[in-house]
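The lines below spell out each chain.
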Amino acid sequence: DTEVTQTPKHLVMGMTNKKSLKCEQHMGHRAMYWYKQKAKKPPELMFVYSYEKLSINESVPSRFSPECPNSSLLNLHLHALQPEDSALYLCASSQGRQVGNYEQYFGPGTRLTVT
Amino acid sequence: RKEVEQDPGPFNVPEGATVAFNCTYSNSASQSFFWYRQDCRKEPKLLMSVYSSGNEDGRFTAQLNRASQYISLLIRDSKLSDSATYLCVVFRPEGFQKLVFGTGTRLLVSP
Chain A
5 DTEVTQTPKH LVMGMTNKKS LKCEQHMGHR AMYWYKQKAK KPPELMFVYS YEKLSINESV
65 PSRFSPECPN SSLLNLHLHA LQPEDSALYL CASSQGRQVG NYEQYFGPGT RLTVT
Chain B
4 RKEVEQDPGP FNVPEGATVA FNCTYSNSAS QSFFWYRQDC RKEPKLLMSV YSSGNEDGRF
64 TAQLNRASQY ISLLIRDSKL SDSATYLCVV FRPEGFQKLV FGTGTRLLVS P
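Sequences listed follow chains A and B, in order.
So the first sequence is numbered by the working numbering: it starts at 5 and just counts up by one.
So the second sequence is numbered by the working numbering: it starts at 4 and just counts up by one.
Same shape as in the complex, but just chain B (with noise of 0.2 Å):
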C-alpha cells in the first residue's frame, strides 16, 4: 500500500463548478499535511497547509479526518486557471523524516 494515495483523474469540470479531491495516508504517526499544486513542466507551489479544524482560503477549503486518515481539498467556483495537477503531501515525522508525496490529481476546468 503506497503512503500516499490519490485519484489520478483527470477531473474534467466546467468553470464555475464544485470539485472535491480526496487523499488517504496509512502513516498514523502523520502530523503535517499539505496540498501543493503544479502546473504543466514547473515546480510544485504550496496551495494550503491543512490544519485539524479544518481550513479555508477564498475558494479553497482543506479537511483533516485523522480517524480516518483522510485529507481533503474542495474548490468552489472553478476557474480555467485551477487547471493544474493537486499533489497531497505529507510528513513523514518517524525514521527518515520528510515530504511524502501523493501521485497527483489532475484537473481540467474547461469554459
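Looking at chain A on its own, in the form it has when it is part of the complex (with noise of 0.2 Å):
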C-alpha cells in the first residue's frame, strides 16, 4: 500500500472553475513534490517543496498554484485552467533532497480532466 495518498482520484473542471488536489505522506519525508504526466510520456516536474519552503518552481503558468501547509501535506490549487491541462497529477515524497536519500516515493494521482 502506497503511504502517499492523493485525493480526489478523478476529477472533471470546467474552465472556469477553481479545484485543490491534495496529498499527504505519512513516511516523515522532508520534501514533495508534484508532477505532470500526459499519456504515453514521462512525469514531469512542477515544483517541489522542501523542508516546506518552495525551493525550485519550474516555468509553470500561475494558473497552478502550491501550497505546503506542513511537512506531510500538500495542495495544488487550480484556476482558470486549459483543456491542455487534463493529465494525471502526481504527487511525489523523498526523505530529502540530498544525493543518497532521493527515492521518490508517487501517491496514486489524480486523474484531471478539463472540459
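If you're looking for bench data, these hints aren't it; they were derived computationally from the structure.
Small disclaimer: the values here were computed from a predicted structure and weren't measured.
There could be a bad hint or two in this list.
[Said to hold, decoys possible] Here are the simulated lysine-lysine pairs, DSS-like style, with alpha carbons at most 25 Å apart:
1. A/K22 x A/K42
2. A/K44 x B/K48
3. A/K23 x A/K40
4. A/K26 x B/K48
5. B/K48 x A/K45
6. B/K101 x A/K40
7. B/K48 x A/K40
8. A/K45 x B/K5
9. B/K5 x A/K44
10. A/K44 x B/K45
11. A/K13 x B/K48
12. A/K42 x B/K45
13. B/K48 x A/K42
14. A/K44 x B/K82
15. B/K5 x A/K42
16. A/K23 x B/K45
17. A/K42 x B/K101
18. A/K26 x A/K42
19. A/K45 x A/K26
20. B/K45 x A/K26
21. A/K13 x A/K26
22. B/K45 x A/K40
23. A/K57 x B/K101
24. B/K45 x A/K13
25. A/K23 x A/K57
26. A/K22 x A/K40
27. B/K101 x A/K45
28. A/K44 x B/K101
29. A/K45 x B/K45
30. A/K26 x B/K101
31. A/K40 x B/K5
Hey, can you piece these two chains together into the complex? The hints should help.
Take a look at the structure:
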C-alpha cells in the first residue's frame, strides 16, 4: 500500500472553476513534489517543496498554485485551467533532496479532465 | 540528445523468459540511478535503486557502467505480472537538481 495518498482520484472541471488537489505522506519525508504526466509520456516536474519551502518552481503557468501547509501535506490549487492541462497529476515525496536519499515515492495520482 | 534514453519497445516475451532493458544517460555528473515500473494508468513505483557494484533483488538485477554512462535491468523468469512500462531515472545533481525520467520501455509478457 502506498504511503502517499492523493484526493480526489478523478476530477472533472470547467475552465472557469477553482479546485484543489490534495496530497499527504506518512513517511516523515521532508521533500514533496508535484508532477504532471500526459499519456505515454514520462512525469514532468512542476513544483518542489523542501522543508516546507518552495525551493524550485519550474516555468509552470500561474493557473497552478502550490501550497505546503506542513511537512506532510501538499496542495495544488487550480484556477482557469485549459483543456491541455488534462493529465494525471502525481504527488511524490522523498526523505530529502540530497544525493543518497533521493528515492521518490509516488501517490496514486489525480486524473484531471478540463472541459 | 535526450538526457536519459531508453528503447521504447514493446518487448514481447513469453512467460519464463529472461529480458534485458538498457538505458543511457548524457550527464556524466549524475550520481543516483533508479528503475521504476509503471502500470497502465497507475503511478510509477520504485523497483530498485542502482548501485555502482550492481545489485539484485529476487528476479531483478540492475547494473551500472559509469564509464559508458549505461544502466541495465535484467528480469529473469518473467511473470505475466511483470507486464508494465519500465522507467529509467537519473538524478541530475547540477544546477536545477531533479530526477530525469526516460520515456520508458514497455514489456508485455504472454502465457
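Which of the numbered hints are not met once you compare them with the structure shown? none
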